[in-house]
Amino acid sequence: MGNMKTGNILLLTFTVIAACAWAFPLYWAIVTSIKPEADVVAGTIFLPETIDISSYVWALLETNIVRWYINSIGTSVLITVVVIMISMMCGYALSQIVFPGRRALFLIVLASFMVPSQALVVSQFILMHKFGMVDSWAGIILPQVIIPVVVIVYKQFFDSVPRELREAAKLDGCSEFQILFKLYLPLNWGITAALSIITFIMAWNNFLWPFLVITSEEMMTITVGITQVGDAFGVKYARDMAIAVMAAMPVAIAYLIFQRRVTQAIMLSSGIKG
Amino acid sequence: MSGVSLSNIKKAYGPINVIHDVNIKVEQGEFVVFVGPSGCGKSTLLRMIAGLEETTGGTIDIEGADVTHLEAAKRGVSMVFQSYALYPHLSVFDNMAFSMQIARRPKDEIKQKVDEAARILQLEDHLDRKPSQLSGGQRQRVAIGRAIVRQPKVFLFDEPLSNLDAELRVQMRMEIARLHNQIGATMIYVTHDQVEAMTLADKIVVLKSGSVQQIGSPLDLYDNPDNQFVAGFIGSPKMNFLKGIVNEPRVDGKITITLDDAPNTTFDITCGSATLNAGDAVTVGIRPENIGLEHDETVGPTVFLKPEFTEELGGVSYIHTQTKDGVRVTIERRSERNRVDQEDLQVTLPVRDLFVFDADGARLR
Chain A
1 MGNMKTGNIL LLTFTVIAAC AWAFPLYWAI VTSIKPEADV VAGTIFLPET
51 IDISSYVWAL LETNIVRWYI NSIGTSVLIT VVVIMISMMC GYALSQIVFP
101 GRRALFLIVL ASFMVPSQAL VVSQFILMHK FGMVDSWAGI ILPQVIIPVV
151 VIVYKQFFDS VPRELREAAK LDGCSEFQIL FKLYLPLNWG ITAALSIITF
201 IMAWNNFLWP FLVITSEEMM TITVGITQVG DAFGVKYARD MAIAVMAAMP
251 VAIAYLIFQR RVTQAIMLSS GIKG
Chain B
1001 MSGVSLSNIK KAYGPINVIH DVNIKVEQGE FVVFVGPSGC GKSTLLRMIA
1051 GLEETTGGTI DIEGADVTHL EAAKRGVSMV FQSYALYPHL SVFDNMAFSM
1101 QIARRPKDEI KQKVDEAARI LQLEDHLDRK PSQLSGGQRQ RVAIGRAIVR
1151 QPKVFLFDEP LSNLDAELRV QMRMEIARLH NQIGATMIYV THDQVEAMTL
1201 ADKIVVLKSG SVQQIGSPLD LYDNPDNQFV AGFIGSPKMN FLKGIVNEPR
1251 VDGKITITLD DAPNTTFDIT CGSATLNAGD AVTVGIRPEN IGLEHDETVG
1301 PTVFLKPEFT EELGGVSYIH TQTKDGVRVT IERRSERNRV DQEDLQVTLP
1351 VRDLFVFDAD GARLR
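Top to bottom, those sequences are chains A and B. In terms of my numbering, the first sequence opens at residue 1 and continues consecutively. In terms of my numbering, the second sequence opens at residue 1001 and continues consecutively.
Hints in this document: simulated from the structure, not taken from any laboratory. The beta carbon of each residue, even a glycine, is placed where N, CA and C say it ideally should be. Relax, there's no trap hidden among the hints.
The following label-pair restraints were derived from C-beta to C-beta distances:
| # | chain 1 | residue 1 | chain 2 | residue 2 | range |
| --- | --- | --- | --- | --- | --- |
| 1 | A | Leu120 | B | Asp1066 | 49 to 55 angstroms |
| 2 | A | Asp159 | B | Ala1166 | 30 to 36 angstroms |
| 3 | A | Ile257 | B | Ala1166 | 46 to 52 angstroms |
All chains, please: the whole structure from these sequences, using the hints.
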C-alpha cells in the first residue's frame, strides 16, 4: 500500500515535469510574441513587464498573412474532402466488393503506407511541373490526396459492419453507392469525423510539399508564409513568434474543440483500435 | 401456379459441394419450412432463393419466372434475418420505409403502407424509436414489418426466432402463423428447431448434408418417415433406436426380426422389395409415447430397461432409461403419475408402432 503511494507520487511528479517541459516552448512563444522587441533581446524575464501586441498588428497589416490563411484553409479543406471521399470509397470497395485482384490492391495500399512522402517529392514535383500545376492550389492539393492509412482505417471499420445489414440493403434495392452513403457512412460518422479532423490538421501543418511547389508569395500557405517574415531587417523575435502563434492558432482551436475525436483518430491510425 | 420452384439446384464452394441436386416445389401461399441440423445447407438454399448467393447449377423459378441470375432486389422476395439486420441509425418508420424510399415512392403511399404494416404487427406506438430502444421481440416484428411493406411474392425467414428467449419464441411463432393466415403469402422458413417446423409448416423439407431427405406435411414426416435420419430428427423427444438382426429372410414380402435386447421374441414386418439376408443388421425405431409400460408379449417384443431419471412436467413425464448395452431409451407417460422406482422395467414395444431401417438407414416398409 505504502509502496503504491510512493509509486503514484513519483509517477505524478514525472508527468508534471514532462508536461512542463513540453509546454514550455509554447509558453515561451506566446510570451515572446507579446513583448516589445527590446525586452525580448534584453533579458531572461519569464513574464512580460509590458504587454505589447504590436507584433500581431504588424503581421496582420504588413505581411500577406490573410492571403496565406485563405490558401491554407482552402487547400486543407479541399484536401480533407477529397481524401475522405476517395478513402471511404476505396475502403468500401476493398472491404465489401469481391473483385479479381482485391487482395493485391489491398497489399499495394498497405505497401504505399510504408513509403515516406519525402521520398516522393522529386518525382511529384516533376509531375506537377509537367501538368503545369506548379504554384497553384491544384499543385498543392493533388499530391496530398492519397493517404493510405485513412483507406485502411475505413476498410477495418467497414469490415466490422454486420454482413446482414448489407444484404438487407441489397434486398431493399440499394446500389453499392446507396449502401455506402445511406448505410455505411451514417454507421461510421464518428470515425469519419475523427479522420476528417486529423487529415485537416495534417494538411494544415504540411510544410515540405507546399514549400517546394509554391513559388509566389500570394500562393503560399501559412506554414510556408511564416518563413518569409522578417528576413529583410534581421531577426525580430517577437514578430516571428507572433506569426508562428497565428499560424498554429486555427489548428490549436480545432484540436481543443475536437480533442476526443483527434485522440481517437491517432489511436486508430496507429493501430490501437479504441 | 407454383410460388417457388427449385430444379436441380447445386452449390459448390471451390471443390466442395454443399448442395446436391435439390428439387423443391413450393405452392403459392404455402408455408414451407427447411429444417435440418446446422451445416445441412438450409440457410445456403434460402440465400440462393434470395439472390444473396450464386447458384452453381440448376434453376430457381419464382411465380413462373426464372430468377436464377436476377439480382436480389428484382426477385420480389423479402428476407427476415436471424440478427434482425435493422438499420441501427434509422427509426422504426424509416427502417420499414427504406425500400420504398430507395424506390422513390410517393410519401403518402409510403406512410400508408408503413402504417398498415405497423398496425398488423402492433408497432404503431414505436414508429419513432430507434431499434436499440426496442426489445428483441419488437425488433423481430420490425424486421417482419420491413418485409411486409415490400409486398413480396415470397417471404424468406432465416432462423428468425433463434435470438429470442423461449417464451417469446412461442409467442412470435404464433404471430408468424397468424401473419401467414392473414396475408396468405408464400413463405419459406429456415430453422434447426423441429418444433418450430412442426407447428408452422404446411410442408417440411428435411435436409442433411446438402441433400433433401424427405418432403411432406409435418404429420406425414412424423408418421411415415422415409429414413432413420428423418425419423430421428422429427419428433421431440427423439425416436428411440434399438439394434436388431434379420432372423429369417423374406417370405411373402415379410422378414422376421430379433431385437438384440429381446433375444427370445421375434416379430414379422413388411419389407417391400428390400433384399435382406439372415443375420443382416437392422435398426428398430419406436417413438417414446408408443412404448408400453405393461408387459404384454402378444403385441410385440418386450425389453428390460434400467430407469435413470424421470422428468416430471405435470401433464407428461419422460422416463430416461438405458438398455443393458447402454443404449438410451426415453419413455413418455401421460396421465399416470406414480413414480417409477429404480428397478428394471420390462416394457413392451408394440409391433404396429415399430419402424425398421436397414444398415444404410433406409426405411423397410
